[in-house]
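Take the sequence shown: its position 155, counting from 1, is numbered 156 in this note's numbering, and each next residue is one higher.
No lab work stands behind these hints, which were simulated from the structure alone. No experiment lies behind these values; they were computed from the predicted model shown. Incorrect hints may appear among the rest.
Said to hold, decoys possible - No more than 25 angstroms apart at the CA atoms, straight line, and that leaves these computed lysine-lysine pairs for BS3-like:
no., residue 1, residue 2
1, K465, K376
2, K386, K465
3, K435, K349
4, K275, K314
5, K565, K393
6, K35, K70
7, K463, K298
8, K435, K376
9, K376, K463
10, K566, K386
11, K435, K463
12, K349, K463
13, K349, K465
14, K376, K298
15, K349, K386
16, K349, K298
17, K35, K20
18, K386, K565
19, K393, K566
Stated by the list, open to error - Computed Cβ-Cβ distance ranges for the label pairs, DEER-style:
no., residue 1, residue 2, range
20, W502, S341, 49 to 57 angstroms
21, K298, V331, 16 to 24 angstroms
22, V331, L604, 55 to 63 angstroms
23, D177, E22, 52 to 60 angstroms
Built from N, CA and C at the ideal position, the CB exists for glycine as well.
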Amino acid sequence: MTFTIDGRNSPVRQSPHWKDEAALGNRAYFDLTKHPPGLVLDPVEALDEDEYVCRVDFRSSPTRNVRVKLHVVVPPTGIRLMNEANVDVSGVIGPYPVGATVTLKCQVVGGHPRPVVTWRSDGLLLDDTSEGLGPEDTVNTLVLESLTRNDLYRVLTCQTANSNLTVPLAAAVTLDMSFPPLDVRILGSRNNPFSAGERYELVCESSGSRPSAKITWWKNGMLMTDARIQVFQEGNVSRSTLYLTPSPADNTVYISCRAENQQVPASGLEDVIKLDVHYSPRLSLLAGQNLDMDDIKEGDDVYFECNIVANPKVYKVQWFHNGDEITHNVSAGVILSNQSLVLQEVTKRSSGQYTCTAANLHGSSGSNAVQLSVKFAPLCRGGQKVVYGAGKHEELNVTCNVEAHPEPYHYRWAFNSSSEVVDIPVSRTWVVGKGLSQVSYTPHSHQEYGSLLCWARNDVGKQKQPCIYHVIHAASPDPVNNCTVENVSSTGAAVRCQAGWDGGLAQTFTLSVSHARAHTRGQDKKNEAPRVLANTSTSPRPEFTLTGLQAGTEYVLTIMGVNKKGQSEPVRLKIFTLKDVAEKHTSPVGGTLAFTSLLAVILGVVASLLLMAVVIVLVVRSRCAHVHKPEVKMVYNKGVASPSRGSDDDLNSDDPNPDVIPINDVKLHFLPDHLVKTTQQVHQKKHPQQNPQQDPTATASGAEPSPDPGPLPCHLEACADPQCHPLTDYDSFYINPGTLVRQVRGHSLSPSGSFCDLSDLLSMCWESVEDRATCYGVSESCRILQNVK
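All chains should be modelled from the sequences, with the hints used to inform the complete structure.
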């Protein structure tokens with residue numbers, strides 16, 4: 002390139018300029034206005050960089066040469082950021098996991114001299130090592146190892162410059178990161194037991210993950226896909242709730258909660274709990290492995306195993322046979338050991354259902370039932386008919402009833418007379434059911450009355466002792482016995498008796514009802530029978546329920562047994578229905594009625610009681626004479642009355658009040674006079690026809706008493722004062738003005754002279770309690786207060 006000025010012929014400023022148009026074009030000129038003058042290149046191009054020589058020729062001086070080196074600075078034309086895969090990146094890059102290594106390349110295009118490329122972050126120099134890439138490009142590779150959580154959103158800037166004369170170029174990226182969860186835990190108490198069948202909420206919480214961790218539940222390493230789960234996420238905290246209803250099978254199962262960031266491989270964390278599920282025992286009853294339960298015979302040994310699965314452990318195991326508890330009894334061949342039951346030398350009574358139960362702190366439960374059927378040779382079944390009655394030439398069908406397992410397959414019948422045993426042909430016998438065989442037998446003479454013998458045989462063996470059936474000449478039945486009258490009310494009663502011998506034939510029972518007085522008149526007039534009010538027949542058992550009777554009426558019940566040969570002797574019972582105002586129930590123990598055969602005994606007892614009563618009355622009156630008050634005042638508790646017990650003579654008596662007051666239900670106490678007088682006044686006001694001064698001897702001798710003044714209140718409490726003393730027992734008739742108490746068992750006062758303070762009874766009005774409860778069985782007076790419990 003050449004640029005010249007020729008000033009030889011004209012001034013320099015006006016001298017012609019010459020330049021190499023091909024090289025400089027219009028960009029070069031010589032500026033003489035500056036001092037020193039110089040060559041101006043505008044604009045400068047990269048190709049202008051060279052060594053320039055300024056040569057000045059003088060006319061009279063030596064030529065001068067000045068060399069100038071021109072350096073042209075060319076700024077970079079571009080900057081490019083790439084990742085390790087040489088893929089252009091910009092803005093936010095990532096996400097990168099914690100611990101990852103990030104490689105970034107910053108490539109600068111052009112620039113002269115070659116630019117310097119650096120990496121900076123927050124003003125700090127990270128890397129200033131760059132290298133040329135080809136003739137024009139420069140690159141700086143940044144490697145960041147082991148990223149931490151602090152590198153999140155970190156800005157990395159690549160900057161390049163090759164001179165202070167140019168503006169530096171820069172490019173930046175921002176790091177995005179994924180964090181694994183920092184922790185995971187199942188909240189709540191980890192050691193509390195769970196109850197089977199109850200619902201629980203297990204909460205698992207995880208924090209520190211970015212993005213939020215995904216929480217899953219696992220059961221023994223298997224993902225619980227069917228479980229009901231509720232998820233909550235907020236920031237870097239995740240929470241999951243598992244709704245769990247454990248079963249006994251879940252005991253010792255491991256439940257784990259797993260939290261993981263799916264963007265971070267191998268980032269999962271896990272928390273595990275072991276379920277301690279409490280449940281009632283689960284039982285399985287099995288017979289011994291070596292036993293054939295279908296072939297157990299009498300004398301064999303049998304054992305059972307009660308397999309128990311329970312949490313917590315059981316503290317009690319029980320065994321049952323047909324619902325009855327089995328106890329350890331070695332002498333009886335019953336051995337209980339832990340969860341085993343051993344039965345030695347079983348019998349037919351050992352047959353039945355066996356179960357076991359177990360209990361722990363969570364509850365109790367029972368096992369399945371195992372049926373034990375012990376095979377045994379036939380035995381005579383109890384409770385069957387063994388006496389058959391028949392007349393001569395009358396055919397009998399006698400049934401042999403045996404129990405056996407398995408069922409008998411053969412029966413043998415024989416007749417045992419007084420001289421010999423004769424087998425009965427099989428043609429006259431037949432099987433009528435399970436364990437049932439019948440024989441047809443007809444006695445033709447008195448020698449053919451005797452015993453029929455029956456043997457059965459099954460797979461176990463032959464019956465050892467035969468069943469014996471007695472064939473007798475048929476007769477009418479014996480009377481019933483041990484009759485009891487119960488639940489006597491104003492309109493009805495119940496009667497139960499024990500059947501007498503049936504005479505060898507099936508019998509039924511009849512009961513007829515008649516008025517007691519009509520019955521007595523009928524006996525007085527031999528040709529006149531008492532009018533029968535009701536007649537119940539064909540009852541298979543001597544048990545009857547009477548209804549529709551009149552209140553306060555005396556009846557005679559006649560009971561007989563009937564069979565084909567006739568009827569038994571009648572048994573008569575006397576009952577007295579209650580008044581409408583009260584009911585009483587007859588005690589089945591104290592209410593047993595006797596029969597005519599006991600007449601002599603009863604008469605003797607009655608005579609003794611009468612004699613004793615006279616003595617007791619004298620003693621009582623004697624004691625009463627020593628107390629401060631001249632009259633005997635009694636307060637007693639009247640118990641449940643029982644019907645009189647005696648012979649037919651007793652039944653025909655005109656006693657209107659056949660009640661007996663049991664000794665256990667009577668308590669006697671002295672009553673102060675002021676209470677007696679107050680009660681007497683109220684009573685006389687209520688019943689003015691009552692004469693309180695009636696002669697007691699007239700009543701005792703059997704004379705008709707004065708009209709019944711009406712019942713006294715029955716709910717008054719007997720003396721409860723601590724000063725009331727226990728009274729000794731005695732039997733007597735108590736006779737007071739206007740009062741007759743028959744056959745009362747009472748007590749004498751001991752010690753004498755002690756009184757009870759019953760002043761609290763004064764506030765009770767007769768009229769206010771009369772309709773609530775009344776007492777029946779004696780003619781009352783104001784001097785006796787009765788209380789029925």
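Status of each hint after checking the structure:
1. K465 / K376: Since the Cα atoms of K465 and K376 sit roughly 15 angstroms apart, the hinted pair holds (cutoff 25 angstroms).
2. K386 / K465: Holds - the C-alpha atoms of K465 and K386 are around 20 angstroms apart, at most 25 angstroms.
3. K435 / K349: The hint holds at about 17 angstroms.
4. K275 / K314: It holds: about 18 angstroms lies between the C-alpha atoms, which stays within 25 angstroms.
5. K565 / K393: 15 angstroms, holds
6. K35 / K70: With Cα atoms ~20 angstroms apart, K35 and K70 stay inside 25 angstroms; holds.
7. K463 / K298: With a Cα-Cα distance of about 14 angstroms, the restraint between K463 and K298 holds, given a limit of 25 angstroms.
8. K435 / K376: Distance ~15 angstroms between K435 and K376 Cα, so the pair holds.
9. K376 / K463: This hinted pair holds, its Cα atoms lying about 12 angstroms apart.
10. K566 / K386: 18 angstroms, holds
11. K435 / K463: 16 angstroms, holds
12. K349 / K463: Roughly 15 angstroms separates the two Cα atoms, so the pair holds.
13. K349 / K465: Distance of about 15 angstroms is within 25 angstroms: holds.
14. K376 / K298: 4 angstroms, holds
15. K349 / K386: Within the cut-off at roughly 23 angstroms; holds.
16. K349 / K298: At roughly 8 angstroms apart (the allowed maximum being 25 angstroms), K298 and K349 satisfy the hint.
17. K35 / K20: Holds. K35 to K20 sits at ~20 angstroms (cutoff 25 angstroms).
18. K386 / K565: Roughly 17 angstroms separates the two Cα atoms, so the pair holds.
19. K393 / K566: With Cα atoms ~13 angstroms apart, K393 and K566 stay inside 25 angstroms; holds.
20. W502 / S341: 49 to 57 angstroms: 51 angstroms, holds
21. K298 / V331: 16 to 24 angstroms: 22 angstroms, holds
22. V331 / L604: 55 to 63 angstroms: This hint holds: roughly 58 angstroms between Cβ atoms.
23. D177 / E22: 52 to 60 angstroms: Roughly 58 angstroms apart at Cβ, these two residues keep to the hinted range, so it holds.
Against the hints set out earlier in the document, no violation occurs for any number.
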